[in-house]
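Chains as they are written, first to last, in this note's numbering: chain A, 112 to 479; chain B, 28 to 332.
Do not take every clue at face value.
To be verified - Pair ranges (Cβ atoms, derived):
id	chain 1	residue 1	chain 2	residue 2	range
1	A	117	B	201	35 to 45 Å
2	A	402	B	148	42 to 52 Å
3	B	234	A	329	34 to 44 Å
4	A	329	B	148	50 to 60 Å
Simulated from the structure, these hints should not be mistaken for laboratory data. Where is the CB? At the ideal position from N, CA and C, for every residue including glycine.
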Amino acid sequence: MPNTTLTLTKSSIKMFIRNKQSLFFTLFLPVMIMAIFGLIGFDRAQKMDIGLVVGNPSKSTQQFIDNIKQVTAFDINTGDLETEKQALKDDKRAIVMQIPDNLIPDPSSKNPPSKQVITVYKNISQEQQAQAAISIISQFLDKTTLTITKAPALFELKTETINSKNVRYIDFLLPGIIAMAVMQMAVFSVAFVFADYKEKGILKRLLATPLKPFQFVTANVITRLMVAIAQTAILIIMGILIYKTHVYGSYPLVLLISILGGIMFLGLGFIISGIAKTVESVPALANLLVFPMMFLSGIFFPINSMPGWLQSIVQYFPLTHFAHALREVMANGAGFSLIAKDVYWMLGWSIVLIVLANFTFGFEEKRV
Amino acid sequence: MNEIIRVKDLTKKYGEFTAVDGISFEVKNGETFGILGPNGAGKTTTLEMIEGLKSITDGEAILDDKNVKEKAREVKAVIGVQLQASSFFDGLNLKELLDTFASIYGRKVDEMALLKSVNLDDKWKSKVKELSGGQKQRLSIAVGLVNDPKVLFLDEPTTGLDPQARRNMWDLITQIKIQGKTIVITTHYMEEAEVLCDRVAIMDQAKIMVLDTPFNLLRNSGVASTITFRVDNKCPEVHFEKLPGVEKVTNEDHGYRMISNNPEVTLPALFNHETECNFKIFDLQLRQATLEDVFLKLTGRKLRE
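Given these sequences and hints, build the entire structure.
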């Protein structure tokens, strides 16, 4: 009766769409997370805050100051020494420089230039920015020295720009969010719904009909794989429209990975619904597994920023491979051969989880 | 094929515990068969073994010439089931629900006609969780009828319902009965069995104690009826003791209480004696034995304690 599975699938889709809770977890939550992290924009270049204390600069010195102000990485404030030092203490400046009025000698002046001192106050808590700022200023000073002493330039740095895929944080994030969304949907929608069916005796009622449990499970799996495809599509479209992300690899490959990820985590969902005695115990059980994965599988930050011992554990997580495969294809344009390892890991996990699900999950109440 | 269900030495054991202990009975085509007994007697387990929901430890159950052990799916295709506490999908309305269940049997049904037959046609847009207890039970029966089953199993269909809803349920079951369907019903309400069932098996502690029509059960149980009355002129008790069928007479307050094992004979004799002995009877009451009394006599316990 292929008709039966089809009708059951239709009913199951209706029930999924009408369930507000599952819609929230499936679509609304990932979209929210992406919107929030997209707004934060971790990869926007942070400017260096520099305080300048200038008295009454000579013409050439003013020229020098104007040049510094052109540097895009600098956010320059000018003020008297007291206010600027206070600002530094309040962590609002990386460095504060006190610039002598006659820092740069007037080119028309015949006097030999004397050594000038710039006092730099450094903010220890912004060590990196301070160092970077100081080295940029030093370069300016070196260049000026060369110009004034009229020494020939012995070296030149010739830079050529080559167009690269500028992987921004949002490009890194989007594939991870898709993997996370599919995982949440697969685990929670199955675990909750089937624990509920079991608790209410709906599975038992179905067992009193000639229906094969396999047909019912198939209808529910098909429904959720369709949802996984919809989630992937919606999040990608949102990324493209709002965050101008690009998918460099092939779309069919992206969808295939999502489906495989869906199958893998549906297995986990069925395991949990089999173990859970009541609907109330589902969130605890599911979050025990889902939460660590969510934060440790390279969804929000790269795995290689973790300590080595942790990396050696999380590299085996199913979500790690799912997110990595998606990211390689979407952000780096990888083909199948480059993500084959991830795909094999996902296949392996799928088999393990489905076999385990067969042990824990059944239509019949397991009587002790 | 007059017997649609044949159960022989049916046994269910959970480890050391025996839930159903080698029971045998047959159900005729078109009959309404009741299994009566207290909680924990093994009624539900018996039903669920016949329905193919629980494995059979020993013995066999044949339904529509199909052995349940070997052809459970074929049996399930021709039966309709109402479980003791079954619930249905919350996300579907009643019409969609019946359609979904019909598809399981590879059928199409006229959902509205079916809903009308259980008096829920104006509720077709509702979700299950919006129904009352009685409405849920009626829906459960509609779902059980979706495949036009040969046998309808009802497991305590009126437990937990208020008297009005119970009456409605009885009417509904009678309707289905009139259509000629075989019904197997469990209950711990004696009155329900007396009203609905053609034959009743009384179960207690995993065994069938007796099996007969409600009428015969009452008649043959030896449980007597009670006749109470008052008189204007006193008459010696020995007179009443001599009346046919009378087992015992006691003088209470201003009247008499006679225990009779055959009130149809006792009462005319009593009226004859009224004229002979010149007294007048008033406040005459006859309380017939019920299946409740039969159960009490068989087991020495009350049905619901």
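Against the structure, the hints come out as follows:
Our hint of 35 to 45 Å for residue 117 of chain A and residue 201 of chain B holds, since their Cβ atoms are close to 38 Å apart. About 48 Å separates the C-beta atoms of residue 402 of chain A and residue 148 of chain B, a value consistent with the hinted range of 42 to 52 Å. The hint said 34 to 44 Å for the Cβ distance between residue 234 of chain B and residue 329 of chain A, and at roughly 43 Å that hint holds. Between residue 329 of chain A and residue 148 of chain B, the C-beta spacing of about 33 Å breaks the proposed range 50 to 60 Å.
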